[in-house]
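A.B. asks: Following the hints, position chain H against chain P.
Below, each chain spelled out in residue letters.
Number of protein chains: 2
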Amino acid sequence: MFNIFSLKGGLENVDGFFCDGVNVGMKTNPANSGDSDIDGDIAFIRSDTLCDVTAKFTTNKFQASPIKHYQKYPKDFKTNFILMNAKNANAMTGERGVKDIEGIFKKLSSYTSLTNPIMSSTGVIGYRLNQEKITSAFDKFNFNAKNSDKTARAIMTTDSFKKELSFRVDLDNGDSFNIAGICKGAGMINPAMATMLCFITTDALIPKSDMKELLDNAVNGSFNRVSVDGDTSTNDTVLLLANGKSNAYNKEAFREVLNKITFELAMMILQDGEGANKLVAFEVKGAKSKKEAEIASKALSNSLLVKTALFGEDPNWGRIASTIGASGVECSEESLTIYYDDLIIYSNKLRELNKEREDKAYKIMKNSSFKVICDLGLGDGEFTSYGCDLSYEYVKINAEYRT
Amino acid sequence: MFNIFSLKGGLENVDGFFCDGVNVGMKTNPANSGDSDIDGDIAFIRSDTLCDVTAKFTTNKFQASPIKHYQKYPKDFKTNFILMNAKNANAMTGERGVKDIEGIFKKLSSYTSLTNPIMSSTGVIGYRLNQEKITSAFDKFNFNAKNSDKTARAIMTTDSFKKELSFRVDLDNGDSFNIAGICKGAGMINPAMATMLCFITTDALIPKSDMKELLDNAVNGSFNRVSVDGDTSTNDTVLLLANGKSNAYNKEAFREVLNKITFELAMMILQDGEGANKLVAFEVKGAKSKKEAEIASKALSNSLLVKTALFGEDPNWGRIASTIGASGVECSEESLTIYYDDLIIYSNKLRELNKEREDKAYKIMKNSSFKVICDLGLGDGEFTSYGCDLSYEYVKINAEYRT
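Keeping their order, the protein sequence lines are chains P and H.
Following this note's numbering, the numbering of the first sequence begins with 1 at its first residue and continues without gaps.
Following this note's numbering, the numbering of the second sequence begins with 1 at its first residue and continues without gaps.
What the hints contain is simulated information worked out from the structure, not anything from laboratory work.
Here a beta-carbon is modelled for each residue, glycine too, at the ideal position from N, C-alpha and C.
Careful: at least some of the hints might be erroneous.
Only some residues are given here: those of chain P computed to face chain H with a beta carbon under 7 Å [stated by the list, open to error]:
#1 Lys61
#2 Ile125
#3 Thr234
#4 Glu352
Looking at chain P on its own, in the form it has when it is part of the complex:
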């Protein structure tokens, strides 16, 4: 019915969108000299026609000023511009934080056409944006560039690599549309939505009514399932912009490619988890309900003891069992089975780990990615979330970096 092809590059592959990233030396605090190896700190995505837009924001009660600014627009507004900056989250800055954004856009409007422009920020909490520095970017921007690479790099904070993807979808009838996404995020990641910014553009002719449904669904299957450290930021944002330029659309095809791009971007965040060496899927099945499976799965991906055992490559199923037991879901020693990939590491019959199974488990844990499967043996509830190990490096990054 349709075919999905991975493309080289990112945002440049979607018709009608332009983007660029530059460096204006944003440093919010003398003690924090910023990340010298990151080239940019401010970027934009612009569309040459008005776009429909839908967004998912953090569940944190202290929503950052850019989110408050977005929420002042009327329902079903259209936009043609997103401005993004790193190194300053513009969070906990009160009403001034929103006014600062309005001031910035007022200046920007003399450089390029703006309709309901959106701002998105990441970085340190608690400092006002330096308007002078931000507006100094406007002379540097090439508003007709399609520089996805620089855009994706400009939004990085503790990220160690840029994150961009793009796909072409060919429909049966010969039509095709493109979709692209960039994101940032490496720490402060939690299933209740990662601390991350993600910007997705498409030229599909998607009806506004489908956008929210499909984005909700995609985020629940991707960003809401990854955990680096169980923390949820003030700035988490996923934005989907659609300009309809391809004149092509198929709901199932769009659902699939949107799920794919968000899932793969989420996995890139996890692979880049601060100090992480291993990407682990925590698949819980046989739970009394899907909700219980989700609780147990997320407890596993957030447990410090599980995460340090992964780092130590210790086939210590006791910590996995204990975490499930502590999560509050219904479970019993007799019906529980734990696997590493296909290897049974605990069951009612095989309780103690013998040398042979321990050696096999140890080999699996040496891999950079594997599954921990817990079958509670009580019902049909299933849920998978994704986590990583906790290393010295995580502590180092977070003791030294000011978020």
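C.D. replies: The following block gives chain H in isolation, referenced to the frame of chain P:
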């Protein structure tokens, strides 16, 4: 009305109780050679008369076999013996785990008088007890010893120091009674009760009906308020044994001394938190309700980003605010005030940290213990929990040690 005096030593100060600890070389797994610097691995507490007993156990659904064994006794049973071992939790061992305990006590009964003996274990999950090794201790025990030091040392796992305390309470009428406690625990600590074992003995003539009420109250104010890593074990146990030998009792005095001994033991656990360098009180006030204050306070003591900022001595109030916002409690930027000890580090008026306040905050964070106070400014709810920083050492201990 009464006076409380701290005594030197531990369990030896309570009339009618005897205790000893020995080493029988319990090693559950060739890969895990145990902790060579810990002298004992098995210990007992014995009373020469029958005691009333009350217990608080883990909320983990996978309760360890010693807990299941305890729960088979009828309500209001009396006991004269507790046997404790380290290095093997006897958890996730099924019905055999309980039968093993019965077998051990059958052998022990030829050495000393046993009435409803209690077992308590800590260590690795998922291996049966080595009955031969455990019973080999019985020849080594001195059943008439009062060796609290060896007893407290024998139950240590990743603990770096033994934990014992004792007090004498003098009442107005010239009567007095004693109370003593030992405990272990350094990791797998969570507000939903620490992974810890705690044994408290008293010669107070406390009515059985008061024991449960006062122990519940004491545990809620102590062990349930400390967090090292947010994990809750299969074996957590607090036992209170009372033999009435002093013929002295006063409910208020007992409440106070029991609160004191459990709180001070809980603080010893936190000071010994794996790799911890700082002990921090997270005092949340001005919340809409006590429950909301508790949620916010425990979110702070469990946040990896807060814990690593403490380790980095970074006066980063943004992570504190973000954690409160993410905890789901009602809060607002305008009504929130954050203090480090007496220093306001965030308020609606003082948002950005200037150099002077940053330097002051930095000095406070250099201390080995301080308060983080968050006034939500919305109501009367208050709650304090206690946490520690997260260091490289925590990761090292938990990557290498098999729990």
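A.B. asks: Now look at each hint and say whether the structure bears it out.
C.D. replies: Here is how each hint holds up against the structure:
Hint status for lysine 61/P: holds, given a least beta-carbon distance of 4 Å to chain H, under 7 Å. At about 3 Å, the closest approach between the beta carbon of isoleucine 125/P and any beta carbon in chain H falls short of 7 Å, and the interface hint on this residue holds. Here the hint on threonine 234/P is kept, as its CB sits about 5 Å from the closest CB of chain H, short of 7 Å. Here the hint on glutamate 352/P is kept, as its CB sits about 6 Å from the closest CB of chain H, short of 7 Å.
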